[in-house]
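Let the sequences and hints guide you as you build the complete structure.
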Amino acid sequence: AQRVTQPEKLLSVFKGAPVELKCNYSYSGSPELFWYVQYSRQRLQLLLRHISRESIKGFTADLNKGETSFHLKKPFAQEEDSAMYYCALSGGGYQKVTFGTGTKLQVIP
Amino acid sequence: NAGVTQTPKFQVLKTGQSMTLQCAQDMNHNSMYWYRQDPGMGLRLIYYSASEGTTDKGEVPNGYNVSRLNKREFSLRLESAAPSQTSVYFCASRPGGLGDYEQYFGPGTRLTVT
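Order-wise, the sequence lines are chains A and B.
So the first sequence is numbered by the working numbering: it starts at 1 and just counts up by one.
So the second sequence is numbered by the working numbering: it starts at 110 and just counts up by one.
FYI, nobody ran anything at the bench for these hints, they're computed from the structure.
Careful: at least some of the hints might be erroneous.
[As the list claims (entries may be wrong)] Straight-line distance between alpha carbons at most 25 Å, and here's what the computed DSS-like set of lysine-lysine pairs gives:
(1) Lys104(A) with Lys118(B)
(2) Lys96(A) with Lys123(B)
(3) Lys65(A) with Lys15(A)
(4) Lys180(B) with Lys96(A)
(5) Lys180(B) with Lys166(B)
(6) Lys96(A) with Lys15(A)
No experiment lies behind these values; they were computed from the predicted model shown.
Dropping the structure here:
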């Protein structure tokens with residue numbers, strides 16, 4: 001079974017403060033992990049994926065297999081980062097994709 | 110390319126009525142998905158289709174049926190709608206196969222069952 005846990009429903013930070021959105025997963029094989037973002041009244045879109053190790057809009061995420069975590073980080077929050085963030089897991093060659101419950105990030109001006 | 114399209118955008122049903130949510134993609138993707146999004150519950154997978162001709166249950170399949178009509182289209186049917194099925198429904202597609210392919214989402218269908 002594959003499971004994704006996002007413990008925080010809401011995270012409020014001030015503009016310019018660091019952000020860390022937590023994601024823990026449960027999967028017996030080698031997972032493919034993603035972060036998706038949903039801005040107000042828009043469809044979900046990919047933010048980043050762990051294999052490419054890219055940085056998008058200043059966000060990074062490192063896969064920690066020992067802690068089974070894939071936390072999303074940004075050093076300085078911007079108001080435009082306010083959105084709903086979802087962590088997602090795909091199990092290897094299987095096509096099932098499981099999402100966490102999401103964290104709403106609120107950046108206070 | 111239109112990407113992933115969903116119809117209708119909004120729908121109100123009475124308890125016991127049936128309806129079909131339509132989804133189509135023009136990216137030649139193999140895999141397609143139906144999710145429901147509820148406050149505090151995030152996105153929950155209802156059904157998915159790894160490839161044309163196959164469908165599999167997700168986390169919350171009860172009360173729903175799906176049809177992968179062809180490679181482009183994946184429909185979700187509510188046979189007898191219940192208030193608990195009030196939600197926003199998202200369709201998504203993905204290239205499929207091995208690899209960390211992203212999912213592409215539709216705009217969503219907001220369904221209210223009274």
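Q.
Hint compliance check: list the failing hint numbers for this structure, sorted ascending.
A. 2, 3, 6
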